[in-house]
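With chain G fixed as given, assemble chains E, Z and F onto it according to the hints.
Which chain is which? The protein sequence lines are G, E, Z and F, in order. The numbers in numbering that gives the first Met the number 0 rise by one with no breaks, and the one at position 230 of the first sequence is 229. The numbers in numbering that gives the first Met the number 0 rise by one with no breaks, and the one at position 49 of the second sequence is 48. The numbers in numbering that gives the first Met the number 0 rise by one with no breaks, and the one at position 192 of the third sequence is 191. The numbers in numbering that gives the first Met the number 0 rise by one with no breaks, and the one at position 254 of the fourth sequence is 253.
Please note that the accuracy of each hint is not assured.
It does not matter which identical chain is meant; a pair holds if it fits inside one copy or across any two.
[As the list claims (entries may be wrong)] Heads up, simulated SDA-like pairs for lysine to any residue below, C-alpha to C-alpha not over 20 angstroms straight-line:
no.	residue 1	residue 2
1	K307	A141
2	K49	F97
3	K19	V191
4	K312	L143
5	K312	T133
6	K229	I319
7	K19	R159
8	K49	R276
9	K307	P144
Quick caveat, the hints were computed from the structure, so don't treat them as lab data. Given the structure is predicted, the values throughout are model-derived calculations rather than measurements.
Protein chains: 4
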Amino acid sequence: METITFIPTADQLGYTFGGKDPVLRLKPGTAMTLWTQDAFGGALRRTTDKASVCLGHDLNPQTGPFYVEGAEPGDTLVVHLVDLTPARTWGASATIPFFGGLTSTPLDPTIQEPLPERTWIYEYDSAAHTVAFTAQGSEFSAALPANPMLGTVGVAPAQREVRTSLVPDYFGGNMDTPEMRAGTTAYFGVNVEGALFSLGDGHYRQGEGESCGTAVEGAMHVTAIVDLIKGGGPQWPRLESNTHIMSVGSARPLENAWKAGQVDMIEWLGSLYGLDRLDAYQLLTQISEVPLANVVDTNFSVVTKVDKRLLPKATVYGGIHAEMTSRAASLGSISY
Amino acid sequence: METITFIPTADQLGYTFGGKDPVLRLKPGTAMTLWTQDAFGGALRRTTDKASVCLGHDLNPQTGPFYVEGAEPGDTLVVHLVDLTPARTWGASATIPFFGGLTSTPLDPTIQEPLPERTWIYEYDSAAHTVAFTAQGSEFSAALPANPMLGTVGVAPAQREVRTSLVPDYFGGNMDTPEMRAGTTAYFGVNVEGALFSLGDGHYRQGEGESCGTAVEGAMHVTAIVDLIKGGGPQWPRLESNTHIMSVGSARPLENAWKAGQVDMIEWLGSLYGLDRLDAYQLLTQISEVPLANVVDTNFSVVTKVDKRLLPKATVYGGIHAEMTSRAASLGSISY
Amino acid sequence: METITFIPTADQLGYTFGGKDPVLRLKPGTAMTLWTQDAFGGALRRTTDKASVCLGHDLNPQTGPFYVEGAEPGDTLVVHLVDLTPARTWGASATIPFFGGLTSTPLDPTIQEPLPERTWIYEYDSAAHTVAFTAQGSEFSAALPANPMLGTVGVAPAQREVRTSLVPDYFGGNMDTPEMRAGTTAYFGVNVEGALFSLGDGHYRQGEGESCGTAVEGAMHVTAIVDLIKGGGPQWPRLESNTHIMSVGSARPLENAWKAGQVDMIEWLGSLYGLDRLDAYQLLTQISEVPLANVVDTNFSVVTKVDKRLLPKATVYGGIHAEMTSRAASLGSISY
Amino acid sequence: METITFIPTADQLGYTFGGKDPVLRLKPGTAMTLWTQDAFGGALRRTTDKASVCLGHDLNPQTGPFYVEGAEPGDTLVVHLVDLTPARTWGASATIPFFGGLTSTPLDPTIQEPLPERTWIYEYDSAAHTVAFTAQGSEFSAALPANPMLGTVGVAPAQREVRTSLVPDYFGGNMDTPEMRAGTTAYFGVNVEGALFSLGDGHYRQGEGESCGTAVEGAMHVTAIVDLIKGGGPQWPRLESNTHIMSVGSARPLENAWKAGQVDMIEWLGSLYGLDRLDAYQLLTQISEVPLANVVDTNFSVVTKVDKRLLPKATVYGGIHAEMTSRAASLGSISY
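Extracted from the complex, chain G is given alone in its bound form (with noise of 0.2 angstroms):
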């Protein structure tokens, strides 16, 4: 298996999903280590530093964007992460003035005033595999698991577009949903060639919804694996992992990136086990699983959830994720 490693420099960060040149070209099967930034760009260090300081600034940067050889609109690019492993001791949240979910924002607003700005950092304990959060307005602190997870990962989109690194929608991008952690393998839809994918957004630790709108950001050293599927690029984002296949819709209001993962779901179901439209939507109404992703982002995004231990062995996308977790097995204990 062919590696590649690419750890991108300040200035080859980018901040866009398409419109931006490839920062590599690389064969379908090949592995990848690859260090992401974290969302504010690093620029929250201690608890006085401000994340409205970033205001203004480019946010959200992603490592690549990797052009895919062969890859053309239509086929399906496949990412299976193989190891998400925090590149720092710390992580950083942050209240931002006018952004999160329990506040007005522009895309929201009232004419009340913003919440105030807090940072919060959290020491990222390797050995325990914890972040620990501490209270500012009062003597409180607890140690939570870390669960290092990818927010953003996504291709070019169609039609000519480019959109910003903070947006999820049909090719991917800002997601942020716990669900995408080493194991996890991704499927996206292929809109130009070359899939142009890129990924960043490392957290430590994020609850479903990401509330306040900041996960516990922080570096990534990321290990990933990347193949593509000639055609059969799904219409959204779909996951799978060893027990769960799923499906990331991304809209507004929320009920509409439900939707969207239900719908495309039962399309999957359909396709994986010969059934009709009603009988897939039936037997979707009962085994369905719902975290949310974000109801931070422009776009709000949902996941479906489908436990594949309910249901008869089906072959996904050829088998494609058994292989790769063979693959990963097969790189052996990595380390940065």
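Frame of chain G, contents of chains E, Z and F only:
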């Protein structure tokens, strides 16, 4: 512990929260053995029965209301579900014209045609504790684990209102969350003297979101313990299990249901741990679990869950959940 | 024409649609002279009175309900507003904490602080027929044309429900549209025997949307003629003026209120002109006028208007609007 | 006054805001005579042409972009529409599968079937200045007054983005408001050097909301004067006519589009009249006119209008609207 058994006759069933005289008065601390009719009023018994025969009739019959002595506006009604046992050997689900999450509805109309009607009957295997899905458009079946729950539990609303049993809102009602299962303690703010709570809408199993609008609907044997805490009535229904505390918001659009539960949980975390609002917001951001409840009813419902095991031990509502769990155990094995 | 005068005492006022005994029974065709209290119950008389003193009290008092003899579910109640005359020399408006369109609210909460409270008193100049806005944070005033309207007109709901007078829905209620002015005929579907309609919430003037949540609220003298058409009850409240036919949808989110009125108007145009659904949809697309009603109440309300002068002459509800306009003229000049 | 004529060839048409080289550079103060293709690219010429033939092709071609010399981020681009004259003797409208306001769409999907496709051709009578609607499912026709407008006018977006011409947003674009008619002055915040504005999507007539998704679409002759104000770029597109000032918000759900325009108007009223935020909010509440623009595009658009005649005379953007109206008159009678 006082114990009451109540099996409603057809004309004792209720179809509203508020506006109905109590069927019984009971003292706080009473254990109740109840039976609930299914949401279709038992009308769907075979796949040739269509749900549209129910239109124009009352739907979602409730068992109750029960007058809890001493309950006054502002108090907290506590309902601990001890046991939910399917009362039939089958449950039913159906597509209903212009009802459900992936169709236009009277509250979100289009001028498209309705989906076709179809009814599914799920055999309940009490030994294996499964319900069997059988496709109608192809050969496919799957035995799914039963997960009995109550779709509808609530109290009379405030402001003189009477609401149908189809509505979920701040008073509970038709929230349709799988979290309302045996072992769960529910807390409701009391709005009228006696609280006037009722329950029904048994589901032998339901996915998160209840996509097509109907779960595996079935009559249910219910054992519950009812208690009262003076004062402290929460703004939204709260739930507690052995592992989680939860708040259930209901509204439209879906993000508003989410916001309601999140804001309530921030207040709850604040009062449990002495956190100020921003610290509680931040902490919730990193630990929130957010499974959807329903995206099909008159209001949509979203659950905000916090895993108690992530946080220091706290005394929730005076420890009444543990106490009720222990009282439930003292009831011994339950048969109906 | 039979004529009834009814001036409610404070304890005769109603705060719900449904759930209240009628204050009067009347025959179809009756002319009524009524008085309505303002939405604050008269509590705001000077700028130092704050609206929050009303919280916890009943708001939006209604005059009624009136039992219309012969009205049965499925019928069409017809209410023609003959005259609306301000009953005081001043109206009041106010910001109320967590109420209004440009603030978070209990149905769309955030954890931001509420807006400051402020009360404005508008002098009503009956000679000039203006209401005077006076700024409080600076020197500025403007005399605005008075445009008296009723924020709330409706009938008892179906399905045994009782709803507060703050809610607009399919039964009318708190729609808050400036179209509800003298000269307008309103059509409501009857849900219960006697229809049980009531009205109130006079506004001396209101912009479309009622942004801050309160118009220029004032007590009103109301003259109306009430009639009944057997059958034909519309799904949403319909209005007719000399120039327009209108349908008022109420729902959340706002697009759903729009859809409701649009779909109802498509059905209406279809029945008036023999258009099939697609032709009516197309025609409406090019002629629809859509002023917002309110974006602040429990449901939002949107008016779909069609200018009758663009289309061939049609007989609407048997020509009852013209007939009532003529009956109104026969009442001669009105003084209270 | 410098005058430029530009009639794009087919391959000069643009389909995005941003991402395209300018077709022309011009100085502030230039008058332009332009031609715009219709949104279907001229593909619908008779009722047997179906809009679905356009799917997969670029839609909504724009004339431009034009580079305005001296325009820098933060400036205000001023576009005064002098004249809009239909460039064909017919316009076309159509239902498109899964597109429009009263059907499910990819952004708000259901599993229902699409509406049938149908195309309507409206003859444009230049003498009577009417467009003729002809029903297809029955005998019915109506001559409707033509009301030429541009559905799409905008500038390049910020943050390196490129958006399709189907999207309305803070940079203008596909707002689809009938207010964009001859005599209107539009103000856009400049996001990139040269502003890069373009326009197109002529409608010979459109109702508010554009229910079915397509107006009476037709090629248009456009005369406009373009100017630049240094600084002062508004957050949302603003319009000014002889009688009104307006702000156009675009977002989903629809209430958010409304909020955006309202908040912008509060700021505008504040700066014009020295009102503090609460006074401006109150005043707007009583004088706002709110016609919908579109409820069918990728974002929905809502216009907040204020009648200038209700308020003391104020100088808006230095009085440039009056000045441009006068410059427009100096162009004399326009023929194409």
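Hints, one by one, checked against the model:
1. In this assembly of identical chains, K307 and A141 lie within 20 angstroms of each other by CA distance solely across copies; the values are 12 angstroms between and 34 angstroms within a copy.
2. Proximity of K49 to F97 under the C-alpha cut-off of 20 angstroms is restricted to the intra-copy arrangement: shortest distance 14 angstroms within a copy versus 28 angstroms between copies.
3. Taking the shortest alpha-carbon separations for K19 and V191, both the intra-copy value of 12 angstroms and the inter-copy value of 17 angstroms come in at or below 20 angstroms.
4. For the homomeric pair K312 and L143, the shortest alpha-carbon distance between copies (14 angstroms) is at most 20 angstroms, but the shortest distance inside one copy (35 angstroms) is not.
5. Taking the shortest Cα distances, K312 and T133 sit within 20 angstroms of each other only across copies (17 angstroms), while inside one copy they are farther apart (45 angstroms).
6. Taking CA atoms no more than 20 angstroms apart as the test, K229 paired with I319 passes inside one copy only; the shortest distance there is 13 angstroms, against 57 angstroms between copies.
7. With identical chains, the CA atoms of K19 and R159 are at most 20 angstroms apart both within one copy (12 angstroms) and between copies (10 angstroms).
8. Within a single copy, K49 and R276 get their C-alpha atoms only as close as 50 angstroms, which misses the 20 angstroms cut-off; across copies the closest is 18 angstroms, which meets it.
9. Taking the shortest alpha-carbon separations for K307 and P144, only the inter-copy value of 13 angstroms comes in at or below 20 angstroms, while the best intra-copy value is 26 angstroms.
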